[in-house]
Amino acid sequence: MFKYFISFCFLFLAAESFCQETQQDKIPEKTTDTIVYKTTYGLRLGIDISRPIKAAVSSSYTGLEITGDYRIRKNVYIATELGYEKETSVEDYSNSTSKGNFIRVGLNYNAYKNWLDMNNEVFIGFRYGFSVFDQTLNNYTPNVSDAESGNYFPATLKTTSKAATSLNAHWSELMIGIKAETFKNIFIGFSVSYKILMSAKNPEDFQVLFAPGFNRIFESETGFGLNYTISYLIPFSKK
Numbered sequence: 002m003f004k005y006f007i008s009f010c011f012l013f014l015a016a017e018s019f020c021q022e023t024q025q026d027k028i029p030e031k032t033t034d035t036i037v038y039k040t041t042y043g044l045r046l047g048i049d050i051s052r053p054i055k056a057a058v059s060s061s062y063t064g065l066e067i068t069g070d071y072r073i074r075k076n077v078y079i080a081t082e083l084g085y086e087k088e089t090s091v092e093d094y095s096n097s098t099s100k101g102n103f104i105r106v107g108l109n110y111n112a113y114k115n116w117l118d119m120n121n122e123v124f125i126g127f128r129y130g131f132s133v134f135d136q137t138l139n140n141y142t143p144n145v146s147d148a149e150s151g152n153y154f155p156a157t158l159k160t161t162s163k164a165a166t167s168l169n170a171h172w173s174e175l176m177i178g179i180k181a182e183t184f185k186n187i188f189i190g191f192s193v194s195y196k197i198l199m200s201a202k203n204p205e206d207f208q209v210l211f212a213p214g215f216n217r218i219f220e221s222e223t224g225f226g227l228n229y230t231i232s233y234l235i236p237f238s239k240k
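Counting along the sequence shown from 1, when you hit position 77 you're at 78 in the working numbering, and nothing is skipped either side.
Simulated from the structure, these hints should not be mistaken for laboratory data. Beta carbons: idealized from backbone N, C-alpha and C, even for Gly. Careful, some of the hints might be misleading.
To be verified - The list that follows gives simulated cross-link-like pairs (lysine-lysine, DSBU-like), each with its CA atoms no further than 30 Å apart:
(1) Lys239 with Lys39
(2) Lys114 with Lys202
(3) Lys55 with Lys87
(4) Lys75 with Lys114
(5) Lys240 with Lys100
(6) Lys55 with Lys185
(7) Lys39 with Lys240
(8) Lys163 with Lys100
(9) Lys114 with Lys239
(10) Lys185 with Lys39
(11) Lys185 with Lys75
(12) Lys114 with Lys163
(13) Lys87 with Lys100
(14) Lys87 with Lys39
(15) Lys75 with Lys240
(16) Lys239 with Lys87
(17) Lys185 with Lys100
(18) Lys163 with Lys87
(19) Lys75 with Lys239
As the list claims (entries may be wrong) - Restraint ranges, calculated between C-beta atoms of paired labels, are given here:
(20) Asp135 with Val77: 22 to 28 Å
(21) Asn76 with Asn140: 47 to 53 Å
(22) Asp206 with Thr183: 47 to 53 Å
(23) His171 with Ile67: 18 to 24 Å
(24) Thr142 with Phe184: 17 to 23 Å
Hey, can you work out the whole structure from these sequences and the hints?
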């Protein structure tokens with residue numbers, strides 16, 4: 002009886018081993034994807050379309066901005082913007098015009114993980130900005146009204162203009178934005194930036210109210226910027 006039991010056990014083990022080998026033969030081998038999707042490296046040039054639109058609806062503004070970036074790593078771009086702006090600022094007691102050139106230089110980091118061969122961006126960036134400009138005080142009204150001292154006479158409008166040249170401003174800014182490839186190598190972009198003024202050369206007896214490239218200068222010495230861009234990628238290589 003014991004001999005038959007031993008034989009039955011060996012028969013069971015042999016059958017189980019045969020079943021496992023048969024199942025392994027039926028399991029398909031994993032296939033690895035050998036297709037490598039390369040992405041385009043090149044120079045992307047564009048224009049900020051918000052400035053011509055603003056100039057068309059506002060008689061006090063003229064501006065143009067050219068944008069560019071170059072991909073140095075998979076998610077890192079060297080980026081720059083340069084242009085010209087002229088803005089007339091109308092305040093309670095003054096009317097002044099600033100005009101000049103500016104440049105911003107920095108880096109963009111693309112935090113978006115593209116699918117397959119897509120080339121879109123959701124980026125964060127940093128810029129150093131610098132502008133050289135002239136400012137003209139077109140007219141002003143001295144703020145001399147003081148009821149407590151008995152001065153009730155209205156101040157006279159001074160129409161003699163005062164010009165100051167070779168002014169400059171330095172600032173840094175943080176930027177977030179998106180760029181989407183709508184057609185082959187053509188991108189539509191939008192970005193918003195927060196700017197911190199580092200230094201500004203003011204004219205004598207008057208403060209700079211607008212710096213090209215920085216926009217309006219508030220008392221907190223901070224500012225904001227918006228950009229709407231159309232750009233074209235000149236492809237150099239694929240990696």
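Checked hints:
Of the pairs offered as hints, the one joining lysine 239 and lysine 39 holds, with about 6 Å between alpha carbons and a cut-off of 30 Å not exceeded. Taken as a hint, the lysine 114 and lysine 202 pair is broken in the structure, with Cα atoms around 43 Å apart against an allowance of 30 Å. Between lysine 55 and lysine 87 the alpha-carbon distance is near 12 Å, which keeps this suggested pair within the 30 Å criterion. For the given pair, lysine 75 sits about 10 Å from lysine 114 by alpha-carbon distance, which is consistent with the 30 Å threshold.
The hinted pair formed by lysine 240 and lysine 100 fails the criterion: a straight-line CA distance of about 43 Å is larger than 30 Å. Taken as a hint, the lysine 55 and lysine 185 pair is honoured in the structure, with Cα atoms around 28 Å apart against an allowance of 30 Å. Taken as a hint, the lysine 39 and lysine 240 pair is honoured in the structure, with Cα atoms around 5 Å apart against an allowance of 30 Å. Taking the CA atoms of lysine 163 and lysine 100, the gap is about 14 Å. The hint holds against a cut of 30 Å.
With a CA separation close to 17 Å, the supplied pair lysine 114 and lysine 239 stays within the 30 Å bound. Distance hint between lysine 185 and lysine 39 is fulfilled; the C-alpha atoms sit about 15 Å from each other, no more than 30 Å. Taking the CA atoms of lysine 185 and lysine 75, the gap is about 19 Å. The hint holds against a cut of 30 Å. With a CA separation close to 54 Å, the supplied pair lysine 114 and lysine 163 exceeds the 30 Å bound.
A C-alpha spacing of about 4 Å is found between lysine 87 and lysine 100, which places the hinted pair at or below 30 Å, so the restraint holds. This hinted pair does not check out: lysine 87 and lysine 39 have alpha carbons roughly 43 Å apart, beyond 30 Å. Between lysine 75 and lysine 240, the direct Cα distance comes to roughly 9 Å. Compliance with the 30 Å bound is thereby established for this hinted pair. At roughly 40 Å between alpha-carbon atoms, lysine 239 and lysine 87 are farther apart than 30 Å, so this suggested pair is violated.
Distance hint between lysine 185 and lysine 100 is unfulfilled; the C-alpha atoms sit about 37 Å from each other, more than 30 Å. Simply put, lysine 163 and lysine 87 have alpha-carbon atoms about 17 Å apart, close enough for the 30 Å limit, and the pair holds. For the given pair, lysine 75 sits about 11 Å from lysine 239 by alpha-carbon distance, which is consistent with the 30 Å threshold. Between aspartate 135 and valine 77 the beta carbons are some 37 Å apart, a value that contradicts the proposed interval 22 to 28 Å.
Between asparagine 76 and asparagine 140 the beta carbon distance is about 51 Å. The supplied range of 47 to 53 Å therefore holds. Between aspartate 206 and threonine 183, the C-beta spacing of about 50 Å keeps the proposed range 47 to 53 Å intact. Between histidine 171 and isoleucine 67 the Cβ separation comes to about 20 Å, which falls inside the hinted range of 18 to 24 Å. Taking 17 to 23 Å as the suggested C-beta distance range, the pair threonine 142 and phenylalanine 184 does not conform, at roughly 53 Å.
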